[in-house]
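Chains as they are written, first to last, in the working numbering: chain C, 221 to 330; chain R, 3 to 118.
It is possible that some hints are incorrect.
To be verified - Pairs of lysine to aspartate or glutamate residues, derived as EDC-like cross-links and limited to a Cα-Cα distance of at most 20 angstroms, are as follows: (1) C:Lys-277 / R:Glu-105; (2) C:Lys-317 / R:Glu-61; (3) C:Lys-276 / R:Glu-105; (4) C:Lys-317 / R:Glu-32; (5) R:Lys-72 / R:Glu-54; (6) R:Lys-59 / R:Glu-81.
Keep in mind that the hints were calculated from the coordinates and are not lab data. Just so you know, these numbers come straight off a predicted model, no measurement behind them.
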Amino acid sequence: TQLLEQSPQFLSIQEGENLTVYCNSSSVFSSLQWYRQEPGEGPVLLVTVVTGGEVKKLKRLTFQFGDARKDSSLHITAAQPGDTGLYLCAGGTNAGKSTFGDGTTLTVKP
Amino acid sequence: NAGVTQTPKFRVLKTGQSMTLLCAQDMNHEYMYWYRQDPGMGLRLIHYSVGEGTTAKGEVPDGYNVSRLKKQNFLLGLESAAPSQTSVYFCASSSLRLAGAQETQYFGPGTRLLVL
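Please work from the sequences and hints to get the whole structure.
See below:
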């Protein structure tokens, strides 16, 4: 079983602060995805990274895939209350299914 | 497009009762998935399907059965519900993978199940 560990599990910060969420595994994944989930809703895809060392930016969010394709990070600059939610990473395999991490619950206080 | 829809949205069962959760997608996706999500945990794959008429076990398949008789529908059945199956159930679908990359999974709004 391929496992993904996310850290921290909970994060509470003030508006305007920066933060980084980590997703680590001992397994190699063909791709890695980050999702954001709001209460009462299903997860929504933010980004997919497929190449070791790849960096993608989505406005104030920066995603990085480790060189060995075993880990990833999500960095948010100048966090806003609208960024509040559960952030999930998911490792893709060639078998057509994903392994999800346990998530990071982010709260951004005004 | 409605995307991925799930019925019912909420259900309360007594231990031993049975029920079926329905997932429907209108995006002509080949892959469909059933996950459960428990407090403080991510999504755990129960069963999945790579096409009409096919199903496969995921990470936590015990106590559940699935069927994919039509491409657009994926049914999750609980034959004899147990309190341990109290959870939020999410269905997702995705198109065929291309070039080894994982395609986007589109999730439904979830079904909240309480087993007493």
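Against the structure, the hints come out as follows:
no.	hint	result
1	C:Lys-277 / R:Glu-105	19 angstroms, holds
2	C:Lys-317 / R:Glu-61	10 angstroms, holds
3	C:Lys-276 / R:Glu-105	17 angstroms, holds
4	C:Lys-317 / R:Glu-32	12 angstroms, holds
5	R:Lys-72 / R:Glu-54	6 angstroms, holds
6	R:Lys-59 / R:Glu-81	16 angstroms, holds
In summary, this structure violates none of the numbered hints.
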